[in-house]
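If you want the building blocks of each chain, they are given just below.
Protein chains: 2
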Amino acid sequence: MKAYQELEARHRRLSALGNAAGILNWDQATIMPSGSAPARAELVAELDVLAHEMTTSSEMADLLAEVQSDGTNLSEWQHANVREMNHMFKHATAITADLVKRSALAESDAEMTWREARKNNDFKSLAPKLDVIFEIKREEAAVKAEAFGVSPYEALLDQFDPGRMEHSVDVLFDDLADFLPGFLQQVLDQQAGNPDLLIPPGPHAEEDQFKLGKRVMEVIGFPFERGRLDVSHHPFSGGADGDRRITTRYDKDDFTKSLMAVIHETGHALYQDGLPDEWRGQPVGNHRGMTIHESQSLLLEMQAARTDEFIRCLSPIVREELKGSGPAWEEDNLIKIYRKVERGLIRVDADEVTYPLHVLLRYRLEKAILSGDIKTMDLSGAWNDMMEQLIGIRPPDDADGVMQDVHWPAGIFGYFPTYSLGALTAAQLFQSAKKADPGILPALGEGDFSPLFAWLNPNIREKGCLHSPDELIEKATGEPLSTDAFKTHVKARYLAS
Amino acid sequence: MKAYQELEARHRRLSALGNAAGILNWDQATIMPSGSAPARAELVAELDVLAHEMTTSSEMADLLAEVQSDGTNLSEWQHANVREMNHMFKHATAITADLVKRSALAESDAEMTWREARKNNDFKSLAPKLDVIFEIKREEAAVKAEAFGVSPYEALLDQFDPGRMEHSVDVLFDDLADFLPGFLQQVLDQQAGNPDLLIPPGPHAEEDQFKLGKRVMEVIGFPFERGRLDVSHHPFSGGADGDRRITTRYDKDDFTKSLMAVIHETGHALYQDGLPDEWRGQPVGNHRGMTIHESQSLLLEMQAARTDEFIRCLSPIVREELKGSGPAWEEDNLIKIYRKVERGLIRVDADEVTYPLHVLLRYRLEKAILSGDIKTMDLSGAWNDMMEQLIGIRPPDDADGVMQDVHWPAGIFGYFPTYSLGALTAAQLFQSAKKADPGILPALGEGDFSPLFAWLNPNIREKGCLHSPDELIEKATGEPLSTDAFKTHVKARYLAS
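As they're listed, the protein sequences go chains A and B.
Using the working numbering, you'd call the opening residue of the first sequence number -4 and step up by one each time.
Using the working numbering, you'd call the opening residue of the second sequence number -4 and step up by one each time.
By construction, these hints were calculated from the structure, which means they are not laboratory data.
Do not rely on the hints blindly, as some may be mistaken.
No copy labels: a pair is met if it fits in one copy or bridges any two.
Stated by the list, open to error - In silico DSBU-like pairs for lysine-lysine, Cα to Cα no more than 30 Å straight-line:
(1) Lys124 to Lys85
(2) Lys247 to Lys206
(3) Lys370 to Lys124
(4) Lys430 to Lys331
(5) Lys96 to Lys(-3)
(6) Lys96 to Lys85
(7) Lys370 to Lys139
(8) Lys335 to Lys429
Construct the entire structure; sequences and hints are all you get.
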């Protein structure tokens, strides 16, 4: 037990470093003076090195080995904690310090180039930088695949969604690829018959939108006594344990995006806040990877908040806070706004029907990049062809095509699928929750999320990393993750009315 | 050289932890949600433990021993860096982890009791908690005195003002004790003949005071591209390397205190910002203790900013930003406001003539506490007697007497003298600077601090910890620290006109 206790102490310290990094990251995105960026970059890099050293130290290796041999007396949670410690250790030690350093340099170089290249629609200037990133990622994936006994793509995916198998993603995504293009056309045909959307006329002052966002967060149950809502360039959920901070950005002419971003980030924040308190600071008390995380934001944003019930509860609040009146502000129009489906170029602006197609495209391309089946210079054409095939429109340029996301220049591979795996999970969880408690939907109509959370807390949030993501989903819903609930959901929402 | 390089790397990491703590501390004092306090306390405690472990590790001890034996090739700065590393190591290893933990618990307990006790003017409830603190401090001082070969008080003072000797403080403070009470009476007699002060009528809106403070900081040269001005309960200068953040608080009826607090904190911030860039993250690149730090804030606030020259430059800015006009806003009245001397009870509100007497009282009492010459229950009476003897007024209660400062409940012993040693240093530095460049005063009249800083940068800021505090003062001014410049300064300012 002594080795186990020592491991816990070391991870408490690692977790404190992670929490400090969370506040620093929030600070940097919201209020840090811009001229402090170089000093901050150095500071964060030193903390990263420190955390890496602490994770991979020989003492840590010895303790893990020791606890492995005398671990028979561990409780179920302690046992899972050691499994998660090993997972962290495995990823941190698989690659050399040299590769870590080369990655960091190449990513920072490529990301800076990407900003300019995207602005100037100049993929040619980005391509050689991407080549370097891709080569490094192939090296990292190969080394980890060898060490973990999985496929190279799985080795990368495993950082974000532990234990996820490439084959199972293929099955789910191929199913969506079969279903969605035809379904999309059906929805568009039906919506073409609708009268034009009314746009609630702006400008909507930032203070009013802030108050609206805050009030909706309060309705949902965001703990403002230990949390904040602020502004940043991209919305995110961050902060630290016991100190949840989300951000949004405001468009004076369109309040609807910021409002849903706030609900989305609230979902992330409430998940983090609801993780098991008794395991704070330990790996088993962490969030269960990005698929589950995204399911928690989408469960609020896409599943709960876009129900007829909640939008009917939401619309008088919107009218009051933004001082709006007239047909554009009525609940029926608000429902239509939040159900609008279209063939768009940009993933982050996509509706829930087309979104998985954007993800599918990236998933297929990054697998081809990793396997070397596609050359960097052919990436732009491949992107445009696949966009046309899946979503039915062709990007007029690379800025709104292959260069729209920061992920690849930033060296983030294996992350994209979790967006849509999260959407599938959210649909499946919401279906099960409603089945378990038929009071959930009527309560949403009253702005009462507590029945939903009464199901979510024991089934997801309080489970931390006790189970694998797939086990967690299966235990909560009684079935393995599939596309069924998602398909049922979009059919009901987009074709029935 | 390898051991030395490894020491530098370890200290870079320690410094990153310190910088992270700086941002966390600023965050906590300015914008952290209050309900996040317990989680933040745990986070900070874990980082403290981590930093202590890193500072005292056996590897650190081995590296310091190794570099000691092969250190002949070190440059002057590297040599000083190793000296500072040893100083940190010495303080961190002198006391046991058990004592560190007992201190932290007792201090947090006493500080919480102090808040209530002060509010209720109830010294009796605080006394037993202080007893515990005093006992721990006596233990700490004894252990360190033994280890360092200095007196127990010196062992504590050495944390804040390295190398400062008790005897030299006695000499300086006894001199002030002889001089100030009589001088104070002279000043009061002279000011009694003045017409009543005019008070610029408020209320002064917070936004206006913020703009005024910001503008004055810009005049002085505060680097807002890598710094901020915010609000907190107590003004402070904090942040991190390359990210200087100061705070103030606003009184709607009196702008003068906040304005001088801003100038004071700007002095601290510019000192930190001006430390040698090539030694950032290394002990030798740190500030040179609290006497020098306080000299840098007082050099701006008390020496430069209260000159006739600068106040004449300041007053039109004040009128403009606060939209004031009339005799109360004229420069002659502003000068009188900033020269007002009185016998007051509260240290933090004291003018520069009475301030050292407040410090002297605390210095004498904390030495008596440490030596056991005074009992805790007799502290209140001793405080009041000494207050009457030194400043000529007797506190009506303990809330405005012995309980006014957080230092003792917080376990901070040996810090108080640095306030007045800093005031003496500021006077001596300003005198030398003016002598070296007669253009400094006329430039202040134009709101131009660059001649002053042109002297300050090479003589103080860029020296970091290359020399001891006393050597630094002597090299900069040609003389050891004395009371001469301070006495000359207050005589010229308060009796001449």
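Hints, verified against the model:
Taking identical chains as interchangeable, the C-alpha atoms of Lys124 and Lys85 lie at most 30 Å apart only when both belong to the same chain, with a minimum of 28 Å there against 48 Å between chains. For a Cα distance limit of 30 Å, the shortest separation of Lys247 from Lys206 qualifies both inside one copy, at 14 Å, and across copies, at 27 Å. Only within a single protomer do Lys370 and Lys124 lie at most 30 Å apart by alpha-carbon distance; the minimum there is 13 Å, versus 72 Å between protomers. In the homo-oligomer, the alpha carbons of Lys430 and Lys331 lie at most 30 Å apart inside one protomer (26 Å), although the nearest pairing across protomers, at 77 Å, exceeds that limit.
Taking CA atoms no more than 30 Å apart as the test, Lys96 paired with Lys(-3) passes between copies only; the shortest distance there is 21 Å, against 34 Å inside one copy. Taking the closest pair of Cα atoms, Lys96 and Lys85 come within 30 Å of each other only inside a single copy of the chain (18 Å); across copies the shortest separation is 34 Å, beyond that limit. For a Cα distance limit of 30 Å, the shortest separation of Lys370 from Lys139 inside one copy, 23 Å, qualifies, whereas the shortest one across copies, 66 Å, does not. With identical chains, the CA atoms of Lys335 and Lys429 are at most 30 Å apart within one copy only, with a shortest distance of 24 Å there and 72 Å across copies.
No hint from the list above goes unmet by this structure.
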